[in-house]
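Given these sequences and hints, build the entire structure.
Note that the protein sequences, when read in sequence, are chains A and B.
When you number the first sequence by this note's numbering, it's gap-free, plus one each residue, and the end is 256.
When you number the second sequence by this note's numbering, it's gap-free, plus one each residue, and the end is 224.
Read the hints as simulated data drawn from the structure, not as lab findings.
Errors might be hidden in some of the hints.
Unchecked claim - Cross-link-like lysine-lysine pairs, in silico, PhoX-like; alpha carbons within 20 Å at most:
| id | chain 1 | residue 1 | chain 2 | residue 2 |
| --- | --- | --- | --- | --- |
| 1 | B | LYS136 | A | LYS124 |
| 2 | B | LYS50 | A | LYS127 |
| 3 | B | LYS136 | A | LYS87 |
| 4 | A | LYS95 | B | LYS136 |
| 5 | B | LYS150 | A | LYS86 |
| 6 | A | LYS203 | A | LYS95 |
| 7 | A | LYS60 | B | LYS50 |
| 8 | B | LYS142 | A | LYS124 |
Predicted model only: the values in this text are computed from it and were never measured.
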Amino acid sequence: MSDVNNDIVLEIKDIHKSFDKLEVLQGIDITVERGEVVAVIGPSGGGKSTLLRCATTLEKVDSGKIVIGGDVLCDDVDGHSVYCDKKLEREIRSKFGLVFQNFNLFPHFSVRRNITEALIHVHKKSKEEADAICDGLLKKMDLEAKADEYPCNLSGGQQQRVSIARALATNPEIIFFDEPTSALDPELTKGVLTVIKELAQEKMTMVIVTHEMSFARDVADRIVFMDGGVIVEEGPAYELVTNPKQERTKAFLAGY
Amino acid sequence: MEGTNQAIQTMVATLRQLTQGFGLSLAIFGLTLLFSIPLGLLICKGRMSKITVVSLLCRLYISVLRGTPLMLQLLLVYFGPYYVFRVSLGNDYRFIATIIAFSLNYAAYFAEIFRGGIQSMSKGQYEAATVLGFSKAQTYFKIILPQVIKRVLPSVSNEIITLVKDTSLAQVLSVAEMFTRASAAASKQVSVMPFIVAGLFYYLMNLLIEFILNRVEKSMSYYS
Ligand SMILES: Nc1ncnc2c1ncn2[C@@H]1O[C@H](COP(=O)(O)OP(=O)(O)O)[C@@H](O)[C@H]1O
Ligand SMILES: [Mg+2]
Numbered sequence: 001m002s003d004v005n006n007d008i009v010l011e012i013k014d015i016h017k018s019f020d021k022l023e024v025l026q027g028i029d030i031t032v033e034r035g036e037v038v039a040v041i042g043p044s045g046g047g048k049s050t051l052l053r054c055a056t057t058l059e060k061v062d063s064g065k066i067v068i069g070g071d072v073l074c075d076d077v078d079g080h081s082v083y084c085d086k087k088l089e090r091e092i093r094s095k096f097g098l099v100f101q102n103f104n105l106f107p108h109f110s111v112r113r114n115i116t117e118a119l120i121h122v123h124k125k126s127k128e129e130a131d132a133i134c135d136g137l138l139k140k141m142d143l144e145a146k147a148d149e150y151p152c153n154l155s156g157g158q159q160q161r162v163s164i165a166r167a168l169a170t171n172p173e174i175i176f177f178d179e180p181t182s183a184l185d186p187e188l189t190k191g192v193l194t195v196i197k198e199l200a201q202e203k204m205t206m207v208i209v210t211h212e213m214s215f216a217r218d219v220a221d222r223i224v225f226m227d228g229g230v231i232v233e234e235g236p237a238y239e240l241v242t243n244p245k246q247e248r249t250k251a252f253l254a255g256y
Numbered sequence: 001m002e003g004t005n006q007a008i009q010t011m012v013a014t015l016r017q018l019t020q021g022f023g024l025s026l027a028i029f030g031l032t033l034l035f036s037i038p039l040g041l042l043i044c045k046g047r048m049s050k051i052t053v054v055s056l057l058c059r060l061y062i063s064v065l066r067g068t069p070l071m072l073q074l075l076l077v078y079f080g081p082y083y084v085f086r087v088s089l090g091n092d093y094r095f096i097a098t099i100i101a102f103s104l105n106y107a108a109y110f111a112e113i114f115r116g117g118i119q120s121m122s123k124g125q126y127e128a129a130t131v132l133g134f135s136k137a138q139t140y141f142k143i144i145l146p147q148v149i150k151r152v153l154p155s156v157s158n159e160i161i162t163l164v165k166d167t168s169l170a171q172v173l174s175v176a177e178m179f180t181r182a183s184a185a186a187s188k189q190v191s192v193m194p195f196i197v198a199g200l201f202y203y204l205m206n207l208l209i210e211f212i213l214n215r216v217e218k219s220m221s222y223y224s
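Here's what the structure looks like:
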């Protein structure tokens with residue numbers, strides 16, 4: 001454990017991932033410190049979602065190392081990733097949250113149950129504790145009145161805020177967002193971005209894939225520009241957006 | 001006067017016979033549902049298995065059981081043991097064979113209905129559950145199955161209503177269910193009356209079932 005830095009929440013080292021013949025991640029390195037907000041930008045098909053899916057155990061990498069909250073999810077042995085056992089994997093899952101582009105709320109559960117179900121049945125909290133956590137989060141998301149509604153009766157923006165509350169409920173060390181506002185109408189985007197901005201102010205560690213450039217520039221500490229399965233450029237958010245070094249980054253940003 | 005009296009007596013006798021037979025029809029109906037639904041789930045699981053042999057066998061099962069007449073299956077299950085193994089299984093076996101054949105047959109239909117329901121679930125539901133730390137069993141029973149039940153309910157209702165009518169096929173094994181008795185009464189009385197009464201029984205039974213299933217469907221309509 002001596003080489004584990006307590007202030008590093010996510011460490012991704014030279015990960016490769018192929019689908020059949022297509023190498024979607026071609027050696028990605030990312031380190032995220034506690035309290036840091038990292039935005040990942042880049043053209044579609046560049047591997048951003050795959051990167052998040054690998055970090056959140058939804059896909060397995062072919063080679064490379066992933067460490068989350070000090071626990072080694074997978075480590076490289078002779079050019080192949082070896083994963084930890086199922087027990088540790090489940091433990092690691094409680095250390096992060098993931099917010100999907102299309103929310104993936106459970107439609108048959110009320111808003112409250114969407115948020116409390118994992119608290120009660122995975123984290124073994126009492127119903128009262130879970131409800132208290134849920135109420136606090138709904139207040140924060142400005143959704144106090146919606147606890148007993150079903151997702152189908154909420155707007156897209158409200159659904160996404162519920163899904164953020166669901167991800168926050170288990171008190172994760174880091175939250176990943178995969179284009180959290182891409183499925184939303186422009187007028188609904190604002191509320192969701194505001195919530196994420198507040199989380200950033202509270203020093204929540206976050207990795208956010210987004211196409212909202214001004215949001216990335218203003219809220220993220222650091223931006224990573226990904227294209228063709230590699231990190232083309234990364235740097236302090238404001239600097240990367242206003243003064244990109246690489247041609248590909250310039251070309252991409254010129255589209256915004 | 002004499003004629004009317006006799007007609008009423010015949011009618012009462014017919015009703016009594018059919019009512020007795022109806023109990024057996026209900027038993028076939030109930031037991032078939034009891035066995036075919038879990039068996040259907042199992043075959044559905046097998047059909048979606050990554051193990052090719054299992055998947056192929058389940059496909060073959062579904063294809064054959066859906067592709068041949070239930071009446072033929074009833075006869076095979078009943079006479080099979082005798083012709084193949086030369087064993088005689090006694091009179092009770094008529095009823096047992098009926099339940100076996102019905103369950104095997106309906107399981108094939110249910111398997112395909114369940115498969116349709118499970119495959120219509122988005123990958124995102126599994127992924128959200130996984131990331132939240134739910135185990136495979138929790139994901140299946142808390143997240144997937146409740147939604148699948150809602151989705152398959154209309155198709156399952158169809159099968160249930162068909163099953164009520166199909167119980168009459170047990171006649172080929174001379175199981176004394178309602179239809180067998182109606183046939184006997186009809187030929188004895190040289191009258192179609194017993195058939196009409198039997199038809200009424202089936203219809204009333206299905207009216208009740210429809211009513212119940214509509215209630216169930218409504219109870220699940222709180223989300224879409
Ligand atoms: N499950 C998969 N099977 C095959 N190819 C995939 C799969 N997931 C993603 N890809 C491919 O990987 C590439 C990167 O996709 P993705 O990570 O979704 O990019 P981004 O999120 O940056 O748009 C695309 O070419 C995509 O078609
Ligand atoms: Mg994507």
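With the threshold set at 20 Å, check whether the alpha-carbon distance from LYS142(B) to LYS124(A) stays at or below it. Judged against 20 Å, a Cα distance of about 16 Å means the pair holds.
For a C-alpha distance cap of 20 Å, please report whether LYS60(A) and LYS50(B) respect it. holds, 18 Å
Please work out if LYS136(B) and LYS87(A) have their alpha carbons no farther apart than 20 Å. holds, 13 Å
Does the alpha-carbon distance linking LYS203(A) and LYS95(A) stay inside the 20 Å limit? Distance ~16 Å between LYS203(A) and LYS95(A) Cα, so the pair holds.
Hinted pair, alpha-carbon criterion (20 Å max): LYS150(B), LYS86(A). Please report holds or violated. violated, 32 Å
Starting from LYS136(B), check that the Cα of LYS124(A) is at most 20 Å away, please. holds, 17 Å
So if I understand the rule, the pair passes when the alpha-carbon distance is 20 Å or less; does LYS50(B) with LYS127(A) pass? Violated. LYS50(B) to LYS127(A) sits at ~38 Å, over the 20 Å cutoff.
Has the given pair, LYS95(A) with LYS136(B), been kept, meaning a C-alpha gap of at most 20 Å? holds, 19 Å
Of the hints listed earlier, those the structure fails to meet are numbers 2, 5, in rising order.
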